[in-house]
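Visitor: The residues making up each chain are set out below.
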Amino acid sequence: MTVNTILPEIVLTIAALVILLVDVWVKKKEILGYIALLGTAATLIVALQSLTDRGYSFSGMIVNDEYGLFFQLLFLAATFVVIFMSMHYFRENTQMLGEYYSLLLFAVLGMMFMVKAADLVMVFMGIETLSLAVYVLSGCLRDDRRSGEAALKYILLGAFATAFLLFGISLIFGVTGSTNLAAIANAVAAKNILGEPLLLLGMGLMLIGFGFKVSLVPFHMWTPDVYEGAPVPVTAFMAVGVKAAALAVFLRVFLMALPGLNDNWRPLLIVLSVLTMTVGNLIAISQENIKRMLAYSSIAHAGYLMIGMVAGGDSGVPSMLYYLVVYTFMNLGAFAVVMALGQKGEDNLEINDYSGIGSRYPILGFVMTVFMLSLAGIPPLSGFMGKFYLFSSAVKEGYVGLAVVGVVNSLISAYYYLRVTVMMYMRPSEKDIAPAPMRWSLVLALVITTFLTFQIGLFPSFYLELAKNSIFFLK
Amino acid sequence: MLKGYGEILFYLVLVVGFSLFALGLSHIIGRKTYSKEKLMPYECGVDPIGTARIRVSVKFYLIAMLFIVFDIESVFLYSFATVFKELGMLGLIEIVIFIVILVVGLVYAWGKGALEWE
Numbered sequence: 001m002t003v004n005t006i007l008p009e010i011v012l013t014i015a016a017l018v019i020l021l022v023d024v025w026v027k028k029k030e031i032l033g034y035i036a037l038l039g040t041a042a043t044l045i046v047a048l049q050s051l052t053d054r055g056y057s058f059s060g061m062i063v064n065d066e067y068g069l070f071f072q073l074l075f076l077a078a079t080f081v082v083i084f085m086s087m088h089y090f091r092e093n094t095q096m097l098g099e100y101y102s103l104l105l106f107a108v109l110g111m112m113f114m115v116k117a118a119d120l121v122m123v124f125m126g127i128e129t130l131s132l133a134v135y136v137l138s139g140c141l142r143d144d145r146r147s148g149e150a151a152l153k154y155i156l157l158g159a160f161a162t163a164f165l166l167f168g169i170s171l172i173f174g175v176t177g178s179t180n181l182a183a184i185a186n187a188v189a190a191k192n193i194l195g196e197p198l199l200l201l202g203m204g205l206m207l208i209g210f211g212f213k214v215s216l217v218p219f220h221m222w223t224p225d226v227y228e229g230a231p232v233p234v235t236a237f238m239a240v241g242v243k244a245a246a247l248a249v250f251l252r253v254f255l256m257a258l259p260g261l262n263d264n265w266r267p268l269l270i271v272l273s274v275l276t277m278t279v280g281n282l283i284a285i286s287q288e289n290i291k292r293m294l295a296y297s298s299i300a301h302a303g304y305l306m307i308g309m310v311a312g313g314d315s316g317v318p319s320m321l322y323y324l325v326v327y328t329f330m331n332l333g334a335f336a337v338v339m340a341l342g343q344k345g346e347d348n349l350e351i352n353d354y355s356g357i358g359s360r361y362p363i364l365g366f367v368m369t370v371f372m373l374s375l376a377g378i379p380p381l382s383g384f385m386g387k388f389y390l391f392s393s394a395v396k397e398g399y400v401g402l403a404v405v406g407v408v409n410s411l412i413s414a415y416y417y418l419r420v421t422v423m424m425y426m427r428p429s430e431k432d433i434a435p436a437p438m439r440w441s442l443v444l445a446l447v448i449t450t451f452l453t454f455q456i457g458l459f460p461s462f463y464l465e466l467a468k469n470s471i472f473f474l475k
Numbered sequence: 001m002l003k004g005y006g007e008i009l010f011y012l013v014l015v016v017g018f019s020l021f022a023l024g025l026s027h028i029i030g031r032k033t034y035s036k037e038k039l040m041p042y043e044c045g046v047d048p049i050g051t052a053r054i055r056v057s058v059k060f061y062l063i064a065m066l067f068i069v070f071d072i073e074s075v076f077l078y079s080f081a082t083v084f085k086e087l088g089m090l091g092l093i094e095i096v097i098f099i100v101i102l103v104v105g106l107v108y109a110w111g112k113g114a115l116e117w118e
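Going line by line, the protein sequences match chains A and B. Quick note on my numbering: the first sequence kicks off at 1 and runs consecutively. Quick note on my numbering: the second sequence kicks off at 1 and runs consecutively.
It should be emphasised that the hints constitute simulated quantities derived from the structure, not laboratory data. All residues carry an ideal CB built from backbone N, CA and C; glycine is no exception. Treat each hint with caution, since some may be false.
Cβ pair distances, simulated, as ranges [to be verified]:
id	chain 1	residue 1	chain 2	residue 2	range
1	B	Val16	A	Leu48	55 to 63 Å
2	A	Leu156	B	Thr51	47 to 55 Å
3	B	Leu23	A	Pro218	40 to 48 Å
Kindly generate the complete structure, drawing on both the sequences and the hints.
Guide: Right, here's the structure in full:
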């Protein structure tokens, strides 16, 4: 049965629909979070068995392979943490809880279809399912002006970027006569049209569309404003989930459909990677708001990740996937701490507010230090191992200059990450911060992310093997 | 390479050309009167009362959105109906799933009070 190949997605859809229906009749809204957890767990169990139906299905629209599964597992793990964070965050603000959880699951559904897509039409469907849900999610604090501003900015710029992507897809379809990724690669090779201007234009337009979603400089302008305005759990979800999904599909489309244009997109990506790292890190230095700082830090991390895509091959792509896993958990953890210190959710967001936290709340201070050091790339934490593999793969493939830029940028980034740590431990507290009583769910989110930030760095071989096995489609 | 797009170009030229032709012709041979009444905004033949730029209640948008959703549903159903026999049982099951998802949406909208005007 071909239906088996999308069984995880079906389970997730049912869970999201059930949440909508339960929300209408049930008064106790806390149950919605548990249903979302249950749905995610069920999807995870089904997804783990999805490789028994390996290969193409639905007339070449869907492909079941290790690459898709790798990302689906990453997304579902991140979704667990985001739901735990949301259960803490929305305990008072229950106005839109049903919509929140079902939109979150629909966004994950879009992500899961994106990484399984073997056809540009399916890629587009996945991206839209994800984007439409996230546009609404970023505006879900209805009484907060900044949240509305974030949603409006995101939807306007997102629609603009989608137009670029679609135009690129249509041009590539026009030149090669297919939207199927493998068929495009075959057509490019068979018709000998590497220099065809329309093909190059299509590639460039798609690059812009993906670049927007991944927030590469110069397509990053929306990122800080949207990340600042959106509620913290949604920001965390965008910074890890949306970015990882966009990168995954970016990588698959370019390596599967346009490997022949290697010499055209690789130099572009080198320039974008250097720009993204440098601009992201330099602007992050001057940020006073922790959410904006993390937004610029996520831009800079997109630049590091691009190094892996540039290096490519057997070392570059796995190290990029490994770094994505690392990045997901350390970033989620940092946002979880931001949330723990925000009283009603959106308080104490200035970096100055963090002064003295280290002595007053030693555990929170320690956990935040772990995430900051990991983001800066300091051993033995996972951020260091991730950067080590990325940069060494770049050196191995002959991109020494790019690796040097990456290392220099890590040094710059250490300044603003360590600044938070210095604030927490070496300044007397300026503000009387009493975090709202922590719920078990947030504690669990913090424990999971802290544990993984250590574990992935100390025992990297399991994750590296997974990443290496997941790039079957390249061979 | 671009073969097959010739028809589209021809059609594009035809469409633009015809529009220009029709508008231009009426511009050239039509009679022109510029009376005050003619330049007024048209409101069913009644003299306009006040400006037309008023705030529209957000409820209209809600109704419009619901309308579009079920309009699209019927569009899908029409195209499904034309190939009903070829698709067989599987097609029927799929369209039922499609409708069930929309019904869930309707139940949700109903339960949340989107269909009430107050």
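Visitor: It remains to establish, for every hint, whether it holds in the given structure.
Guide: Outcome of the hint check:
1. Remark: the range hint 55 to 63 Å for B:Val16 to A:Leu48 is upheld by a beta-carbon distance near 56 Å.
2. A hinted range of 47 to 55 Å is violated for the C-beta pair A:Leu156 and B:Thr51, which are about 27 Å apart.
3. B:Leu23 and A:Pro218 have their C-beta atoms about 41 Å apart, which keeps the hinted 40 to 48 Å range intact.
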